[in-house]
Structures are given as C-alpha cells and as structure tokens.
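K.L.:
Here is what each chain is made of, one letter per residue.
2 protein chains.
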Amino acid sequence: MIETLVSAQARMLRAKTAAREIALLSDDQKTRALEAIAAAILADSAVIVAANAEDLARGEASGLSLALRDRLRLDDARVAALASAVRDVADLPDPVGRVLDDRMLENGLHLQKVAVPFGVVGSIYEARPNVTVDIAALALRSGNAIVLRGGSAAEKTNSALVTTMRRALGAVGITPEAIQTIDEFGREGARELMHARGIVDVLVPRGSAELISTVVTESTVPVIETGAGVVHILLDASAPLEWAREIVVNAKVQRPSVCNSVETVLVHRDAAERLIAPVTAALQADGVVVHGDADVQKWGMNIVPATTEDWATEYLGLEIAMRVVDDLDAALAHIREFSTQHTESIITTDDSAAHRFLAEVDSAVVMVNASTRFTDGSEFGFGAEVGISTQKLHARGPMGLSELTSTKWLARGAGQVRA
Amino acid sequence: MIETLVSAQARMLRAKTAAREIALLSDDQKTRALEAIAAAILADSAVIVAANAEDLARGEASGLSLALRDRLRLDDARVAALASAVRDVADLPDPVGRVLDDRMLENGLHLQKVAVPFGVVGSIYEARPNVTVDIAALALRSGNAIVLRGGSAAEKTNSALVTTMRRALGAVGITPEAIQTIDEFGREGARELMHARGIVDVLVPRGSAELISTVVTESTVPVIETGAGVVHILLDASAPLEWAREIVVNAKVQRPSVCNSVETVLVHRDAAERLIAPVTAALQADGVVVHGDADVQKWGMNIVPATTEDWATEYLGLEIAMRVVDDLDAALAHIREFSTQHTESIITTDDSAAHRFLAEVDSAVVMVNASTRFTDGSEFGFGAEVGISTQKLHARGPMGLSELTSTKWLARGAGQVRA
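Heads up: the sequence lines are chains A and B, in that order. According to the UniProt record's numbering, the first sequence is numbered sequentially starting from 1. According to the UniProt record's numbering, the second sequence is numbered sequentially starting from 1.
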C-alpha cells in the first residue's frame, strides 16, 4: 500500500488543507456529513468488530489487562452506540458563525467578533475506540479537521473506524482528508503531532494523568488540559446529615471510575462526632474502603489509617480518603495543597461559609450542596462533552462544542485610515 | 542583601500566595492601588531616572544600539507618561466577576460561569521599561499577581520601578508580593519562569519574533502568543484608486515600526496598470522603498526587485513588498503561505470578493476597505491593550483586560445528587 509510506507530517498537512474546506461548510452540510458517518458505522459494524477482534487477540497475547480489553472491546451493540453518539452530535447547534461582539466605531468602522473553527484539532488518547468516533464527530461539527492518535492497542479498530468515517465523508462530497489517523507511526508520530505548531491549532489529550502530563510538557502546539480529578467535598459544621450522606455516597459510588467522583471528604471538627459515623457507614455499606486520619478513626468503624499519599490520590474506585479539619481555613488550605482544581463541593447551611468557599476555591467548578458528579457537559446542558478542562486558558470545566472554536474579528470600512 | 539570595522560584511562589489576596480585592481597592502606584511613580521620578541612567551608561559601554537605548531611556516626561498610563488602567471597568453564563438546570441546580483572575500572570519581554509598568497595572486591574522578567539591559530601571510599585501597594494595605521581578536571575530565571507550570497560570511574552518563538517552544506554562505581523493588503480589481492609495500609505507610513503596519501589498492583475504607478509613487513620496516583482517593476518607477524572502519579511520600517496576483485565489494562496495571521485587508467595491476574503482569510483581524493600523486595543475600544494575540487559543487579536481573566463555574444546590 502506498498509504503507509506517507509520513505523519504529510497526513497532518492534508488535514490542514482539508480544514479550509471544512471551515466553510454550512450547518446543513455538517449535519448531513455526520448522519452519513453514523449510517456508515452501523453498516460497517461487522468489519469494525472483526478489526477489533484482531486488536483484542493481540492484546490478550501481549498481556493487556482484562479491564483495558473491556474498554477496547466492540460488539454490534457498542458499535450501534458509537453511531448513536454521532447522531447526537449531528443534532447539536452549529457553534460556528456566532457573533460574540459587535461594535460600530466612531469613524464608522464596523467590527464583529465571530466564532470560527480552530482549523485542525489534534487528539492523543488511549485505546478507547469511542474516543476516535466522539472526537472526530465533535471536531467536524465545529468545522474542524481532526488528526487522531489513539493507543496502539486499538490500532486496527481505529483504522477501520477512520476508513469508514472517511468513506462516508467522500460519499457526501466532502473531502475525506478532514479525518486523519497517525496511529501507525507510533511514538514518533505522536511526537511529530506534539510539535506540529503551525499545522495543528490545538491539541486535546484524553486519558490518564501520565499521558496528559506528557502532552502538556512536551507539546509546542497549544494544549487544552483535561486533567485528573482529586475532587473534594467539605462537610461544614452546619452540614445537614441527610445531604452529607447522600451527596458523599452519590459522588463516590454512582460511577467511581470517572474524574468527577469524589476522592477526599473533609469534615469540620464541629461536625465530626455527628457526621463521621453515619457517612462512613453508608459508604462502607456500598463497598467503599475509607482511609481516615486519627480523628476519623476515632468516630468511624473499620477505617484504614490514611497517609499523606492518600490526600493526593485519585482512587478512581471504591476507596475514599477522609480527614477532619479545624475550620474553613484549614479546609481551604488542604484543598489548595491537594486539589487538581477540577471540582470541589461544600455541604453547608451557613451562607457565609458557602460564600467564602465559592469565592476562594480556585477550581473549574465550585459547588454548594450538590454532588460533584454534576461536573459534566451533558448535565450542564451542552449536549456533548469534549472533555473537562482543568487549565485556565481558553476553557475551564466541562467543554462543549463552542470550546472547539476560536474567534476572528471582521472589520468592514469605507476607506478609513488611522489619524 | 538577603533579597538576592532568594531564588526565582521562591519569588514566583510568593506571587502565587499573593494572588489569593489580589483575586479577592474589590473594584475600588484595585482602583485605589493603581492610583497609589501612579502617584508613587511620579514621586519617585528622580530615583527612577537615576537608575535608568545607570542602565544607559552600561548599555553605551557594552555597545547597545542607539535605537535600543532610545527605547530604554526614561526622563521625567516619560516617567510621567508611565504614571498616566497606570491611571488610565485604573479607570477601566473591573473585568472580574462578570457573569458569562447563567442557567438553572431542571433539577434546580443553579449554574453560573463567572470571570475570575488567572492567578499569576508571567511576562517575558525586552528592555522597555514601559512594559514593566503596563503589564503590572493590567495584571493588577484584572485581579492577578505578576512575575516580570524584562531585558537585562533595563535591570536597574525595572528594579527601581518594581520597588516603587511594591511600596505603593504596601502603603494602601495590599501585599507587595503581588509584583515580583526575576530579572536578576538572568537566563536561568527566565527558564524557571517558562517551566513554572502549577505556579504561573499564563505567560505573555512581548517583544521580537525570536523572543516569542523561544517562549512558545520552551514554555510548559500556557502561553498567549503575541506574534509578528507580516500584514497584507490586497488591492482587488475593483479597488478605488483613492482608497487604495490612502489606505496603503496610512498602513505603511503612519507608524512603520509596529506589528499592524502593512508589509506586503498584493495587486490584482486587472488593476495593476491602473493602481501600481500612483500607489508606489505615493509610498515613495513618503520615503518608502518598494520591493516588487517583475509586474510591479513594469508599472512602477524605482522598484527594487523582490525576492521570495521579501514575501516573508516583517520590515517594521519604511520598506514594503508588492506583488501582482492573477486573481483572488492567487491572493488567498499567497496570504496562506506568508501571512503570520495577524491582520489582512482587502480594498474592493466587489461584495462577493469582500465576502470571500472575510470568510477565507484565517487571520486574527480581517478587514474590508480599512487601514490595518486599526488592529489595536485602544482603537477597538478596549481602553488598554495587553498585546495582540496571533494564536487561536483563549484570545485572538487585540486583547483587553478581559483576556487576562479565566472563568469558574459556580453551582448552587440544595442536596442534588446524580441519578
């Protein structure tokens, strides 16, 4: 095949050229393109599942863990879910062309700030085939071309998915070069992507803290960091027992493997005796192992002694850390030291404590009396989620389609010159 | 002095601690702080000018060019201008606390997206004392602490300015640690600043293309690139002679040393005979050297033959490149190849050409029938300018105070958990 002789850089340049065409597509054209992609994924289900079986066999032979193989596995039902997710993105409003500022200067120059596509979005992620389809759909919906670099364990699956999506674009008269994969170029390809400043406009890594840290450190392309969540809930002195118990249990147990699940519960000393026993008992009833400091051990049962390492741990499972703090200041200091600035919540009926927590906690999402699990693009009403940004530049918190756009100023004059 | 024993990193950590206090200041407190700084700069004029004289003497001894020494030089009038610029920033509306999104979810959770300070802003720039004061004032107005790294040629001047500004903060009861300089740590200090991810939230380099390129390539802290301007004007087939001549001359001559001045004029072949002679003559009458291709040489007088290098050159002086293009597509292709995506303008009375130019040119500011010199924060009505971003992440084009803020989601509930 000629195709494999092409370099990663050549693929990225094709995406850059294609981006010019994609940026000018109308809302309708993008909707039709995504519907074509969804239909093609459904139609190609057998081919995709067969390619996936090759990856799974290779993974099993090379000792890939059962959990990772489960994340990688596709069957007809999961392929149908991929197609359905693309249809959901097709239905979202077009974020391109929104007028974000409009001003007429005294000299008659008419200025408009409009939302435009970035151009080329790059994504580096792990062996999750759903990310391949999700990110491609979100990029296209927002008028961008996409360069995909998935985990090598999913190479055959991704290749099949990309082939299907590219053919679907071609069939509706849109350049298939708008979707590129560079999986086959391995680590060197990923390195080229991270240094493709001037070709790739923004890079969105998705996956483990280690992967994201590598991309953030190495990339010269601007990165949107979608980071880890060492998420805190503070049970204030005034925290009602029912809210404390239900919110902590929901935030830990409802889906423990995701970044918005709670990892550390801080308990105000004045509420320790009242809250620790029932809250830890409720967690334990749902199978959660509680790591606690000496005070938590005093009021709770079956508490595993916590170490400093626990305060910095994103368990992503049925474990939780709990610590008693002397007051709100001590809680804020703990959060400053250990939070990854993703989401924190305070349970309180004290308005001044709530006010201080909202003002002083420097995280993407700061909550009062709610489960941290609400930090999510769908819950926020964005209709889809590109990821949850834990950086402060460009986007912070759950990112919707509009975060995959940049802006451009249009200035319309009639011969104006500067005095 | 103990002070010089402190590392650049320690200074940055002090800024990070101070940032918590600065972020919570009210509009009034920030206004008063900036007024105090302006007054202190005026009061300390003699000390600042004396420190500057030391830098100038050192610069002269080490062979610093006359032009650079002029940029570096402060006298009482220039110090007064610095103070006045701070007062202008003091008068700007507070960008912090604006509610940018407000939504009530069906479950009763109230979400608000509010503008918050970044935290710590870093700036790396050249030996221009006005940047020291400008960036510090803009950072404080937007609730941020600042870490300054100016050119070593201005070290004494910057040190005097920072001492004055810090003392002024202290005098109004605000922590002086919000303003830090790391000039004395030289290149190693700059390197530490570029790698201070987690301490410094955003880095805004200002200066030459080379300096900005170094920062963009080396920094792990998110950067806002304020880049070079290889700015184009396209004289379309329909361009009226008067507009073409006045806009090109204004865009080149009114202030040739800045990034929004025009560097290359493209002329539609159908207008070459009509426009090139009068436009080049007008430029030459103002002392501009015109570099042109064979077609320009044919229609103009005293044209210096242009090379490919000219198309990529930011002259920043009284020189200009001119090229004849066959049509709009050829013009767009030239701009794609050579533009730094800062500002481009088309002179035309043809609506469809104007429409295509606005849609297809991928630059921060795209104009029709106006001088590129309008790409400027003050002209746009922002009241002050942090710089002109040529990247697509976070900010694009002239940046006002609001571009020195990030956002935070506040979620107020009453016990909501996720189903």
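These are calculated hints, taken from the structure and not from any lab test. Some hints could be false.
[As the list claims (entries may be wrong)] With a Cα cut of at most 20 Å, we get these calculated EDC-like pairs of lysine to aspartate or glutamate:
1) A:K113 / B:E385
2) B:K113 / A:E385
3) A:K113 / B:E379
4) B:K156 / B:E126
5) B:K113 / A:E379
6) A:K113 / B:D376
7) B:K113 / A:D326
8) A:K113 / B:E360
9) A:K156 / A:E126
10) B:K113 / A:E126
11) A:K113 / B:E177
12) A:K113 / A:D101
13) B:K113 / A:D376
14) A:K298 / A:E337
15) A:K113 / A:D102
16) B:K156 / B:E177
K.L.:
Work down the list of hints and note, for each, if the structure agrees.
P.N.:
Status of each hint after checking the structure:
A C-alpha spacing of about 17 Å is found between K113 of chain A and E385 of chain B, which places the hinted pair at or below 20 Å, so the restraint holds. For the suggested pair K113 of chain B and E385 of chain A, the alpha carbons sit about 17 Å apart, so the restraint of at most 20 Å is met. Between K113 of chain A and E379 of chain B, the direct Cα distance comes to roughly 15 Å. Compliance with the 20 Å bound is thereby established for this hinted pair. Proximity of K156 of chain B to E126 of chain B is assessed by CA-CA distance (about 14 Å); at most 20 Å being required, the pair is judged to hold.
As the CA atoms of K113 of chain B and E379 of chain A are separated by approximately 15 Å, the hinted pair is consistent with the 20 Å bound. Straight-line distance between C-alpha atoms of K113 of chain A and D376 of chain B comes to about 14 Å, which keeps the hinted pair within the 20 Å bound. For the given pair, K113 of chain B sits about 30 Å from D326 of chain A by alpha-carbon distance, which is inconsistent with the 20 Å threshold. With a C-alpha separation of about 15 Å, the suggested pair K113 of chain A and E360 of chain B falls inside the 20 Å cut-off, and the hint holds.
Between the alpha carbons of K156 of chain A and E126 of chain A the distance comes to roughly 13 Å, so the proposed pair stays at or under 20 Å and holds. As the CA atoms of K113 of chain B and E126 of chain A are separated by approximately 31 Å, the hinted pair breaks the 20 Å bound. Restraint check for K113 of chain A and E177 of chain B: the C-alpha separation of about 37 Å exceeds 20 Å, so the hint is violated. With a C-alpha separation of about 5 Å, the suggested pairing of K113 of chain A with D101 of chain A holds against the 20 Å cut-off.
Proposed proximity of K113 of chain B and D376 of chain A is supported: the alpha carbons are some 14 Å apart, at most 20 Å. Of the supplied pair hints, the one linking K298 of chain A and E337 of chain A is violated, its CA atoms being roughly 25 Å apart against a limit of 20 Å. Only pairs whose Cα atoms come within 20 Å are accepted, and K113 of chain A paired with D102 of chain A is accepted, the gap being roughly 6 Å. For the suggested pair K156 of chain B and E177 of chain B, the alpha carbons sit about 19 Å apart, so the restraint of at most 20 Å is met.
Going through the hint list in order, the structure does not satisfy hints 7, 10, 11 and 14.
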